[in-house]
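Each protein sequence line maps, in turn, to chains A and B.
The first sequence: position 218 = 218 (the working numbering), numbered continuously.
The second sequence: position 287 = 287 (the working numbering), numbered continuously.
Do not take every clue at face value.
Listed next, the stretches of chain A that the computed footprint assigns to chain B, with coverage defined by at least 3 CB atoms under 8 angstroms from CB atoms of chain B [as the list claims (entries may be wrong)]:
| id | stretch |
| --- | --- |
| 1 | 12-22 |
| 2 | 38-51 |
| 3 | 102-112 |
Since the hints were derived computationally from the structure, they do not count as laboratory data.
Backbone N, C-alpha and C fix where the C-beta goes; we use that ideal spot for every residue, glycine too.
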Amino acid sequence: MLSIKNLHACVEDKQILNGLNLEIKAGEVHAIMGPNGSGKSTLSQVLAGNEAFDVTSGEVTFNGDNLLDLATEERAREGIFLAFQYPVEIPGVSNLQFLRTSVNAMRKHHGVEDMNAAEFMKLAKEVSKQVDLDPSFLKRGVNEGFSGGEKKRNEVMQALLLQPKLAILDETDSGLDIDALKVVADGVNALRAPDRAILMITHYQRLLDYIVPDYVHVLSEGKIIKSGGPELALELEAKGYGWLGVKDDVAANH
Amino acid sequence: MKPVSTLSSAFLQPAGQALPTALLTLRFDRASALADLILPTRRTENWKYSAKHLKLTDDMASALPLNASAEAVADNSGYTVVLVNGIVRPESSNYPMLDGLSIQRFRDLGEDDANLAADLLSKSISDQPAKSGSVNLSQLNGARFEDGLLIQLKPGTVLDQPLFVIHHTTASHSGSAYPCILIAAGSNSQLTLVEDYLSSGDCPVMVNTTTEFSLDDGANVTSIRLNTEGQTVQHMGTTGVRQQRSSRFQSHSVGFGGILRRHDLHARLEGEGAECKLNGVVVTQGTQHYDNHTTIEHVAANCNSEETYRNIVADKSHAVFNGRIHIHQDAQKSNANMSNKNLLLTSGAEIDTKPELEIYADDVKCAHGATIGQLDKESIFYLVSRGLSPRDAKVLLTMAFINELVDQIPVEQVRDTAHIGLNQFFDQAFQEV
Numbered sequence: 001m002l003s004i005k006n007l008h009a010c011v012e013d014k015q016i017l018n019g020l021n022l023e024i025k026a027g028e029v030h031a032i033m034g035p036n037g038s039g040k041s042t043l044s045q046v047l048a049g050n051e052a053f054d055v056t057s058g059e060v061t062f063n064g065d066n067l068l069d070l071a072t073e074e075r076a077r078e079g080i081f082l083a084f085q086y087p088v089e090i091p092g093v094s095n096l097q098f099l100r101t102s103v104n105a106m107r108k109h110h111g112v113e114d115m116n117a118a119e120f121m122k123l124a125k126e127v128s129k130q131v132d133l134d135p136s137f138l139k140r141g142v143n144e145g146f147s148g149g150e151k152k153r154n155e156v157m158q159a160l161l162l163q164p165k166l167a168i169l170d171e172t173d174s175g176l177d178i179d180a181l182k183v184v185a186d187g188v189n190a191l192r193a194p195d196r197a198i199l200m201i202t203h204y205q206r207l208l209d210y211i212v213p214d215y216v217h218v219l220s221e222g223k224i225i226k227s228g229g230p231e232l233a234l235e236l237e238a239k240g241y242g243w244l245g246v247k248d249d250v251a252a253n254h
Numbered sequence: 001m002k003p004v005s006t007l008s009s010a011f012l013q014p015a016g017q018a019l020p021t022a023l024l025t026l027r028f029d030r031a032s033a034l035a036d037l038i039l040p041t042r043r044t045e046n047w048k049y050s051a052k053h054l055k056l057t058d059d060m061a062s063a064l065p066l067n068a069s070a071e072a073v074a075d076n077s078g079y080t081v082v083l084v085n086g087i088v089r090p091e092s093s094n095y096p097m098l099d100g101l102s103i104q105r106f107r108d109l110g111e112d113d114a115n116l117a118a119d120l121l122s123k124s125i126s127d128q129p130a131k132s133g134s135v136n137l138s139q140l141n142g143a144r145f146e147d148g149l150l151i152q153l154k155p156g157t158v159l160d161q162p163l164f165v166i167h168h169t170t171a172s173h174s175g176s177a178y179p180c181i182l183i184a185a186g187s188n189s190q191l192t193l194v195e196d197y198l199s200s201g202d203c204p205v206m207v208n209t210t211t212e213f214s215l216d217d218g219a220n221v222t223s224i225r226l227n228t229e230g231q232t233v234q235h236m237g238t239t240g241v242r243q244q245r246s247s248r249f250q251s252h253s254v255g256f257g258g259i260l261r262r263h264d265l266h267a268r269l270e271g272e273g274a275e276c277k278l279n280g281v282v283v284t285q286g287t288q289h290y291d292n293h294t295t296i297e298h299v300a301a302n303c304n305s306e307e308t309y310r311n312i313v314a315d316k317s318h319a320v321f322n323g324r325i326h327i328h329q330d331a332q333k334s335n336a337n338m339s340n341k342n343l344l345l346t347s348g349a350e351i352d353t354k355p356e357l358e359i360y361a362d363d364v365k366c367a368h369g370a371t372i373g374q375l376d377k378e379s380i381f382y383l384v385s386r387g388l389s390p391r392d393a394k395v396l397l398t399m400a401f402i403n404e405l406v407d408q409i410p411v412e413q414v415r416d417t418a419h420i421g422l423n424q425f426f427d428q429a430f431q432e433v
């Protein structure tokens with residue numbers, strides 16, 4: 001489904017990704033771990049099409065298409081979904097209006113008729129229950145005044161609503177207490193499907209207790225330096241990144 | 001340096017004499033007082049940002065045809081009075097005879113009502129002696145009106161539907177028009193007035209308007225001002241409001257049209273417990289220039305005022321907001337709130353915003369805020385990453401800026417017109433290359 005070859009990317013003049021390779025097939029769940037500054041979020045932003053990042057070389061194909069040739073909105077309509085690490089607050093734009101515009105943009109792209117307001121409302125209420133968000137959230141501004149946990153649940157709710165082919169979750173577990181983590185994990189597990197892939201970016205092994213990945217990758221200085229099964233995450237939890245020859249968080253930041 | 005120019009005397013020559021004596025006298029006095037009106041320059045404080053956009057030529061001095069008939073006017077959901085080039089067209093108007101409501105054109109006024117109209121005009125805020133160094137071109141209206149409307153509501157009269165006053169300007173050749181509307185709302189009466197300024201033709205014209213509201217105790221008046229004039233119209237309007245005890249005035253102004261628009265809105269809270277709420281939405285594009293000057297005077301104690309203006313500027317257009325709050329010494333317990341937020345859509349667009357507070361009482365609440373910003377790139381990315389086109393994302397974000405104000409407009413038909421105008425604006429401003 002997704003094939004990344006020798007990807008190099010920079011933001012402003014800072015080189016962040018340095019030859020990243022990754023293959024993800026339909027039905028798989030991949031986790032990428034790594035210290036701060038290793039390029040995890042950059043990878044997710046580049047895949048989603050944030051123009052603040054420049055791809056300097058390498059290629060990315062998504063279901064056979066050159067992903068890097070597609071505009072941000074085309075990527076989304078083709079089925080790429082990014083759950084943001086820091087979802088933006090947009091006062092004045094209601095969640096409901098935003099989500100309906102989004103769903104209908106996807107439907108239009110696939111030649112399906114718009115969903116009317118009543119149908120949409122019903123669907124939106126269902127998925128908001130799935131992530132334990134009160135439907136009154138739908139009427140509020142996008143992420144406006146939401147707590148950290150509510151924002152993350154709102155992201156997962158959108159993924160459930162939009163049913164993407166590839167869901168990229170950028171630290172969707174950060175800032176969640178254990179109950180919220182379970183809710184989010186249940187939501188993500190509900191997304192698992194044979195025709196869908198999930199790419200989770202996380203700092204902590206904790207999330208992987210609830211969403212068991214098929215593959216775990218360690219990202220360091222813009223490259224994947226080790227890949228393995230779920231047991232790799234446990235090993236990282238026990239030993240830190242040092243045993244891989246990677247500077248740990250503190251060292252990387254100082 | 002170029003010498004300051006004065007308004008050519010041709011601008012002070014009315015075309016007709018078909019008015020009651022009291023109004024003819026008043027008009028003559030106004031023209032005499034203005035005999036050497038100096039045109040504003042960039043050193044004129046209240047025209048600082050707009051003077052260079054003012055392009056009055058001598059061929060604009062002549063009155064636009066006084067006998068032009070109204071072109072088909074859209075069906076309105078309420079009562080309608082049509083003025084063409086400032087002249088009332090009874091044959092195109094449609095309003096019922098209601099107890100307590102009187103709608104008369106100036107030309108038909110009997111002696112008593114003519115005296116009342118002259119009195120309202122002589123007390124008109126737009127004709128108050130200008131502050132030194134300021135020029136109010138709307139004063140021209142008093143020297144040039146050829147007709148007008150006097151709307152009176154007897155105490156307790158409630159108009160069940162909005163009254164639309166359609167101001168049509170025919171710009172098939174150069175000239176100017178001077179519509180004038182006076183509203184005397186008796187105690188506890190209620191009225192929603194929609195002033196709709198539109199034009200046809202594409203010659204340079206000036207529309208110079210006066211609207212004066214007088215609200216007796218407990219009157220409740222909503223004024224909506226919609227501006228969809230063509231790109232050759234220079235619009236200069238003044239709205240004056242005098243409010244007595246416990247009266248309520250709210251104004252909603254939505255502007256799209258005209259190449260230059262200047263609106264002076266002056267509300268005086270003269271009786272205790274009066275409230276006014278002024279909302280304004282301005283969108284500009286191309287080389288349009290919009291200048292809103294507002295003054296709220298708290299004269300009596302215990303009055304509330306709330307003012308919210310939003311400007312959205314695109315291309316090389318320019319919007320000015322000058323909001324003045326003046327709290328007199330006796331106006332204790334005044335509560336005044338003013339907010340002006342601006343959105344720049346391009347690097348060539350310009351905003352000038354200036355809050356002015358003048359406070360002489362010591363026990364008042366007075367807040368003001370002004371911001372200038374751009375659409376947030378991260379917000380655009382967030383929305384586009386969910387499949388929205390960049391245009392739709394920008395429209396959502398821009399509408400978020402003004403939704404609240406558009407939603408507050410209490411007449412559905414005006415909200416619809418506003419949405420149509422905004423969509424046309426977005427089509428231009430957010431063209432996808």
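Verification of the hints:
Residue count for the stretch 12-22 of chain A with a Cβ under 8 angstroms from a Cβ of chain B: 0. That is fewer than the three needed, and the coverage hint is violated. Given as covered by chain B, the stretch 38-51 of chain A passes the check, having 4 residues with a CB less than 8 angstroms from a CB of that chain where 3 are the minimum. Residues of the stretch 102-112 of chain A with a Cβ under 8 angstroms from some Cβ of chain B number 4, which satisfies the need for three, so the listed coverage holds.
Hint 1 alone, counting from the list given before, is not met by this structure.
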